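Student: From first to last, the protein sequence lines stand for chains A and B. Residue 153 in numbering that gives the first Met the number 0 sits at position 154 of the first sequence; the count goes up by one each step and never skips. Residue 61 in numbering that gives the first Met the number 0 sits at position 62 of the second sequence; the count goes up by one each step and never skips.
Among the hints, erroneous ones may be present.
Unchecked claim - Computed from the model, here is a short list of chain B residues facing chain A with C-beta under 10 Å:
| id | residue |
| --- | --- |
| 1 | Asp11 |
| 2 | Leu12 |
| 3 | Ala21 |
| 4 | Arg33 |
| 5 | Val48 |
| 6 | Leu49 |
| 7 | Arg52 |
What the hints assert, rightly or not - Dumping the calculated DSBU-like pairs for lysine-lysine here, alpha-carbon to alpha-carbon at most 35 Å:
| id | chain 1 | residue 1 | chain 2 | residue 2 |
| --- | --- | --- | --- | --- |
| 8 | A | Lys50 | B | Lys32 |
| 9 | B | Lys28 | A | Lys77 |
| 10 | A | Lys77 | B | Lys77 |
| 11 | A | Lys77 | A | Lys46 |
It is worth saying that the hints were derived from the structure and are not from the lab. None of these values were measured; they are calculated from a predicted model. Glycine included, every Cβ here is placed at the ideal spot set by N, Cα and C.
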Amino acid sequence: MAHDWQPDFEQLVDEYQSMVFSLAWRMTGDRGLAEEIAQDVFLELDKNLGKLESAAHACFWLRRVAMSRSADALRRRKVRGMDLWVEIDEGHGAKAEERTSPLGNRLEQLLSTLPEPHRAALVLRYQEDLTPEEIAATLASPLATVKSNLQRGLKLLRAKASSHLREYMRVKEQASGL
Amino acid sequence: MDFEPMEDFERDLRQAFERRPAPPGLKRKLMEKRRAKWPQRANRHFHFVLWQRLAASVALVAVLGGAAAWRNAEERHKGEEARRQVLTALRITGHALNQMNAQLAAHDRAAQE
Numbered sequence: 000m001a002h003d004w005q006p007d008f009e010q011l012v013d014e015y016q017s018m019v020f021s022l023a024w025r026m027t028g029d030r031g032l033a034e035e036i037a038q039d040v041f042l043e044l045d046k047n048l049g050k051l052e053s054a055a056h057a058c059f060w061l062r063r064v065a066m067s068r069s070a071d072a073l074r075r076r077k078v079r080g081m082d083l084w085v086e087i088d089e090g091h092g093a094k095a096e097e098r099t100s101p102l103g104n105r106l107e108q109l110l111s112t113l114p115e116p117h118r119a120a121l122v123l124r125y126q127e128d129l130t131p132e133e134i135a136a137t138l139a140s141p142l143a144t145v146k147s148n149l150q151r152g153l154k155l156l157r158a159k160a161s162s163h164l165r166e167y168m169r170v171k172e173q174a175s176g177l
Numbered sequence: 000m001d002f003e004p005m006e007d008f009e010r011d012l013r014q015a016f017e018r019r020p021a022p023p024g025l026k027r028k029l030m031e032k033r034r035a036k037w038p039q040r041a042n043r044h045f046h047f048v049l050w051q052r053l054a055a056s057v058a059l060v061a062v063l064g065g066a067a068a069w070r071n072a073e074e075r076h077k078g079e080e081a082r083r084q085v086l087t088a089l090r091i092t093g094h095a096l097n098q099m100n101a102q103l104a105a106h107d108r109a110a111q112e
């Protein structure tokens, strides 16, 4: 079907670089790797610009490829036996203004301990504000699986946060006091 | 000891999981990588245009050659037609002259008698 939308690569980079980078960083926990993934995703986008029909299609495509590339990177790292989640904890490589609040960092650390499917569902739900149906389409997973991953992931994360309640509340108070 | 309600927890998650700004150099590096890929792309584009022009030239030559051959055949056909008409006219003239000669010869014989 013919479409009138004329994609502008630079404009798409400006608009979605933060989204792609954040997805990759939260999925891998490695800032450098997330930057590499983001570059690969956009270069892939450049090759596929002609196939995209609208800005919404481009956004959906970028989310899907970013998640898929991040999962691939995690699998490769797992094979090599490396521990990925070291950098968000330390804020490694991030400038001060780019770092989130202590509360955000704490929750991201806890997120990093969740299994990958739970993490993917939670990141798309709470970073991108997607519905379970949209998450299922993005991850090409059955809706029931996504709903289950969301529920389990949320419960698990909440349980972990509860077990760290004192520290969590202290951090939260600090954050609200800022 | 229970934690805060789930709704509050979800709100905290939304705040904690806001998009992070991309590294300042990401776009620059990306555009450099993209430019580095341009020569290959330009080369492919050049070959595509070259083949396209070559195909267009061959098609044009074929059309012009066909038109010239058709025009040549048409002219030859017209020439043959004209030659046939001339020969027919000559045959008719020859026949008329023969008839006239025969009539004159008959007239001469009648006059001598």
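Student: Now look at each hint and say whether the structure bears it out.
Tutor: Verification of the hints:
1. The beta carbon of Asp11(B) is positioned within 10 Å of a beta carbon in chain A (closest approach about 7 Å), and the interface hint is therefore held.
2. The interface hint given for Leu12(B) is met, as the beta carbon of that residue sits about 4 Å from the closest beta carbon of chain A, less than 10 Å.
3. At about 4 Å, the closest approach between the beta carbon of Ala21(B) and any beta carbon in chain A falls short of 10 Å, and the interface hint on this residue holds.
4. With a least beta-carbon distance of about 6 Å to chain A, the hint placing Arg33(B) at the interface is held under the 10 Å criterion.
5. Given hint, Val48(B) at the interface with chain A, is violated; its Cβ is 18 Å from that chain's nearest Cβ, farther than 10 Å.
6. The beta carbon of Leu49(B) is not positioned within 10 Å of any beta carbon in chain A (closest approach about 22 Å), and the interface hint is therefore violated.
7. For Arg52(B), the interface hint is violated, since its Cβ never comes within 10 Å of a Cβ in chain A; the closest pair sits about 23 Å apart.
8. The hinted pair formed by Lys50(A) and Lys32(B) meets the criterion: a straight-line CA distance of about 21 Å does not exceed 35 Å.
9. Under the criterion of a C-alpha separation no larger than 35 Å, the hint pairing Lys28(B) with Lys77(A) is consistent with the structure, at around 27 Å.
10. Restraint check for Lys77(A) and Lys77(B): the C-alpha separation of about 86 Å exceeds 35 Å, so the hint is violated.
11. A threshold of 35 Å between alpha carbons decides the hint, and for Lys77(A) with Lys46(A) the separation of about 29 Å falls inside it, so the pair holds.
Hint compliance for this structure: hints 5, 6, 7, 10 are not met, and every other hint is.
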